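Can you make the complete structure from the sequences, with help from the hints?
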Amino acid sequence: MSDTSFNSSNFAYEEGNFTSGEGNFTNSTTNGTSTENIQSNVSIYTPVTYIITLLVLLATFSSFYRKRKVNKLRSMSSLFGENRPKEMYLQLKAQEEPKVNEKLLKTALIRRGAEAVRRLFKLKECEPYMNILYLKGYIGDEDHERMKIQKKLIEVELSEVAMEAESYKKGWSQQLFPVCQETTMNEALRRRLNAIKSREEKLGKEWTVEEINIGINK
Amino acid sequence: MSSANYDYDENSQTWPYFALTGILVPLIPATISLLKDQIAKKEESNDKFKSVEWFESYNKEDVQKLRKRKARSGAFFSKKFVFVAAGWVLVGLLAYLIRNIDVAVSGTNFDPWKILQISERATTREIRSAYRKLSVKYHPDKVDTSKMSQKEIDAVDAAYVMINKAYKALTDDAVKENFLKYGNPDGPGEVTHGIALPKFLIEGRSSPFLVAIYILLIAVILPLGVGKWWSGVKAHTRQGIYSDTASGFLEHMLNFDPANLVQVKDILKLVSEAREYRDIDHALTPERVYDLLLLQLARRKPENPADELLKLKVVAETPRLLLSFLQIASAFRNTDVCYAIVDAHRCLIQALDIEDDRKMHKYRQILQLPGVDLANLDTEGAPGMFTLGKLLKKPTEDPAKFLGVGDNSAKVLDYASKIPLIEPLDCKFKVPGVDYIPPSSHVHIDLRFVVKSAAHKSKPEISKLSKEQVRTRLEEPNTLEALRNPYQIVFDQPAIAMDYVPPYFPDAKYFSENCGWVAFLIIQKDGRIGDSPGMVRRVDLSNLELTQEQFMSSDAKVSVFKLPMTAPTPAKEGNFQFRLVLKNLAFFGSDIEIPLVMKVETKPEEAATDDAYGIEPPSEDSLAGAMAQLRGDEVKQIESESESESESESSSSDDEDSSESEWTDMDTDTEEEDGKK
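Line by line, the protein sequences give chains A and B.
The numbering of the first sequence is UniProt numbering, which starts it at 1 and goes up by one.
The numbering of the second sequence is UniProt numbering, which starts it at 1 and goes up by one.
One or more hints might be untrue.
Unchecked claim - Below, computed lysine to aspartate or glutamate pairings styled on EDC-like, alpha-carbon distance capped at 20 angstroms:
| no. | chain 1 | residue 1 | chain 2 | residue 2 |
| --- | --- | --- | --- | --- |
| 1 | A | LYS124 | B | ASP353 |
| 2 | A | LYS197 | B | ASP357 |
| 3 | A | LYS197 | B | GLU355 |
| 4 | A | LYS202 | B | ASP357 |
| 5 | A | LYS205 | B | ASP356 |
| 6 | B | LYS359 | A | GLU200 |
| 7 | B | LYS265 | A | GLU182 |
| 8 | A | LYS202 | B | ASP244 |
| 9 | B | LYS362 | A | GLU157 |
| 10 | A | LYS197 | B | ASP266 |
| 11 | A | LYS205 | B | ASP446 |
| 12 | A | LYS136 | B | ASP244 |
| 13 | B | LYS265 | A | GLU145 |
| 14 | A | LYS124 | B | ASP526 |
| 15 | A | LYS202 | B | ASP257 |
| 16 | A | LYS72 | B | GLU251 |
| 17 | A | LYS72 | B | ASP353 |
| 18 | A | LYS202 | B | ASP266 |
| 19 | B | LYS265 | A | GLU206 |
| 20 | A | LYS205 | B | GLU251 |
| 21 | B | LYS359 | A | GLU206 |
To be verified - Estimated spans, in silico, between C-beta atoms of each pair:
| no. | chain 1 | residue 1 | chain 2 | residue 2 | range |
| --- | --- | --- | --- | --- | --- |
| 22 | A | ILE196 | B | ASN575 | 54 to 64 angstroms |
| 23 | B | LEU224 | A | ARG66 | 23 to 33 angstroms |
| 24 | A | GLN175 | B | LYS228 | 54 to 64 angstroms |
| 25 | A | TYR50 | B | ALA235 | 38 to 48 angstroms |
As the list claims (entries may be wrong) - Partner residues aside, some chain A positions facing chain B, computed with beta carbon under 8 angstroms:
| no. | residue |
| --- | --- |
| 26 | LYS122 |
| 27 | CYS126 |
| 28 | LEU133 |
| 29 | LYS136 |
| 30 | ILE139 |
| 31 | ASP143 |
| 32 | LYS152 |
| 33 | GLU206 |
To be clear, the hints were calculated from the coordinates, so they are not data collected in a lab.
Quantities reported herein were computed from a predicted structural model and do not represent experimental measurements.
Backbone N, C-alpha and C fix where the C-beta goes; we use that ideal spot for every residue, glycine too.
Listed below in structure tokens is the structure:
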């Protein structure tokens, strides 16, 4: 049974070959010299169009992709929220009528520098924690990306502050950063001092002063 | 051969096999997992984690409704079950189809013994005689063909040819070789390529559909599926919460102001911003979620009583988020936030607001009992009855009168006595295999404790515990298995199984998985968290059923908890102070703090000399002797050279002290640099 089917398929195959051979033959006779005419079937524009289409497609894709990436970066919010001292300084500096006193501008710059220093410290402190979280998979890729961007932003911000300082007085940036650091420390201390009242209020809802005293005496 | 000449599966011989394989590949794992789930559920569902049936809480109806709904979602007749059942029905159908396929006879089915009607063990003589007999019978000249049709004549011819072939296949060497090699006496047959699709699908009117299906599958469904899976992976953290939610927690920790006191409500406010709540109901705003959570703490229904179910759904979702937040907060080593999160967790489960009212805060251990209400509590008559222990052991007033729960007071007291407390017997840092803490080694905290009820006084003395408990649980034998996996002993314990689920919390399943303790390691020096926290989930609670006498005597069971530390021990020698804090995730009054000292030291001298002189020196020509010599050289002369050698030796030699101390020293240098940052 298998033998017969084998034969028949073989036969069909040969037949096909024969007809196609015949086709070739007729083709070449009608058109005279064979090789040139086969080439003339494929126009010179075919590869050119192909390459142009390909290039255009690639170019659109890359520009689209880059735009999307930039948009995504732009839509990422800062890890630290808005930077008020910086905004304040820029607004004061941009104000034309009446012109802001230079002393005030310098103070605003110190505040801006202090905030930058605070962020630098905070990020230095928290970077290993965030790396651990990222390695464990507890935070997403985007947050890790944001942290890296934040690091760069802080560097840029610090150099910007230094440049601003130089514009007021040459060499001031050398003294500015120690001052900023002190300001940061002072503000941290002040925050704690100011929070005592609210802590007292909150804890007072749970404990009486007597109980706390008993706890201490124990 | 022309490639266009594929055969289709015209007789439906092949495609059922392909279809069967395609179905079985996903079906078998699905069935196994379904059965496993069912077995696990059956083991679980013996009268543990019941609802408190003797207390009618204000929202009992809705809580029950939600619990039932959650239980149903895991029931046997789930979507998964339907899928598996349908799969097996299909498998049955296909198997039926396959049974009915008669495989067409081809060269490969050539069986010379069968044709000659002899057994496979037949000798040459038997073969010959069988051949003679048959060839005489079927020879075209011998058969009377006059009355036969053409078809019958052909059949006789074919039979004769087959008989000849069979005979040759068994006797002629060349033909025999062909037969053995290819299964066909004519030599290698034609190799056919086919497509396992029925012909009507391809050449019939349905062929455009097939093409469309292929395009759909490859160009649409596959990329979409992969894309959806990937974006799902990206949108969720490993803890299963949305990355956005985790991002919110992270930002909060980064901008955390240590001056402010973190409280339960701050935590709840923060969690209420999670995106998970929008999956419950699109219209839920963070403010609304926060309000609902506060209502749960106040044990009140929303203004619109129909919203009660929504409130309970929100409440059921929250603890999971809190635990994820806990992981992030603990990575920031922030003890205050972690404690507040645990408090928030149990406030939600017990529906208690412990912050705004001093009395509520004070009586929180009593108020967590079902049915007890601050308004009915006799706080005047019994001053100072704040704790479960006081209530159960030496009440200053009759508990029935104090609790104000009417006839249920016995049941409430029973409930109270079933809240597990931890009584530590032994707690230390442990490095598997050694009885001291070498520097820069991997260490775990090893806590041995007895679970006790608040009704139990004091703790059983170790000398009174049963021998078996002391041997297997308290002093873990130093077997090879224990060394290989020191945590196995923890996993061998039963999971915590409480009798009741707290009446106000809607998700019984979550509670059953998270009613244990969370263990924090606090560094005494700065009061911050030293390592990632661990969960105490496997504890033997059988002690709770014991009477005081039984508890004090040999019936008490010892439980084990081990907290692995990710960071290695300090590189320098010295004593380091820690506290192990165990906080219960569900109940108030079951927390415990254990001070701990980590004494890091290099190997004591005398042990090393012990080994060196205690064992007779091996003879020089033995392998051990050669090794000892090598080691001796290395200690005296080439100390810097042989790091890798000493490492490989330490595993094979019996005294690894000299070599170990060497390469731990080496480690310390790098560790110190790491530690400095």
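Evaluated hints:
no.: 1; hint: LYS124/A x ASP353/B; in the structure: violated (37 angstroms)
no.: 2; hint: LYS197/A x ASP357/B; in the structure: holds (19 angstroms)
no.: 3; hint: LYS197/A x GLU355/B; in the structure: holds (17 angstroms)
no.: 4; hint: LYS202/A x ASP357/B; in the structure: holds (11 angstroms)
no.: 5; hint: LYS205/A x ASP356/B; in the structure: holds (5 angstroms)
no.: 6; hint: LYS359/B x GLU200/A; in the structure: holds (17 angstroms)
no.: 7; hint: LYS265/B x GLU182/A; in the structure: violated (34 angstroms)
no.: 8; hint: LYS202/A x ASP244/B; in the structure: violated (30 angstroms)
no.: 9; hint: LYS362/B x GLU157/A; in the structure: violated (50 angstroms)
no.: 10; hint: LYS197/A x ASP266/B; in the structure: holds (17 angstroms)
no.: 11; hint: LYS205/A x ASP446/B; in the structure: violated (38 angstroms)
no.: 12; hint: LYS136/A x ASP244/B; in the structure: holds (16 angstroms)
no.: 13; hint: LYS265/B x GLU145/A; in the structure: violated (31 angstroms)
no.: 14; hint: LYS124/A x ASP526/B; in the structure: holds (18 angstroms)
no.: 15; hint: LYS202/A x ASP257/B; in the structure: holds (16 angstroms)
no.: 16; hint: LYS72/A x GLU251/B; in the structure: holds (19 angstroms)
no.: 17; hint: LYS72/A x ASP353/B; in the structure: violated (42 angstroms)
no.: 18; hint: LYS202/A x ASP266/B; in the structure: holds (12 angstroms)
no.: 19; hint: LYS265/B x GLU206/A; in the structure: holds (13 angstroms)
no.: 20; hint: LYS205/A x GLU251/B; in the structure: violated (28 angstroms)
no.: 21; hint: LYS359/B x GLU206/A; in the structure: holds (8 angstroms)
no.: 22; hint: ILE196/A x ASN575/B: 54 to 64 angstroms; in the structure: violated (35 angstroms)
no.: 23; hint: LEU224/B x ARG66/A: 23 to 33 angstroms; in the structure: holds (25 angstroms)
no.: 24; hint: GLN175/A x LYS228/B: 54 to 64 angstroms; in the structure: holds (57 angstroms)
no.: 25; hint: TYR50/A x ALA235/B: 38 to 48 angstroms; in the structure: holds (39 angstroms)
no.: 26; hint: LYS122; in the structure: holds (7 angstroms)
no.: 27; hint: CYS126; in the structure: holds (6 angstroms)
no.: 28; hint: LEU133; in the structure: holds (5 angstroms)
no.: 29; hint: LYS136; in the structure: holds (7 angstroms)
no.: 30; hint: ILE139; in the structure: holds (5 angstroms)
no.: 31; hint: ASP143; in the structure: holds (5 angstroms)
no.: 32; hint: LYS152; in the structure: violated (16 angstroms)
no.: 33; hint: GLU206; in the structure: holds (4 angstroms)
Checked against the numbered hints given earlier, the structure breaks hints 1, 7, 8, 9, 11, 13, 17, 20, 22 and 32 and satisfies all the rest.
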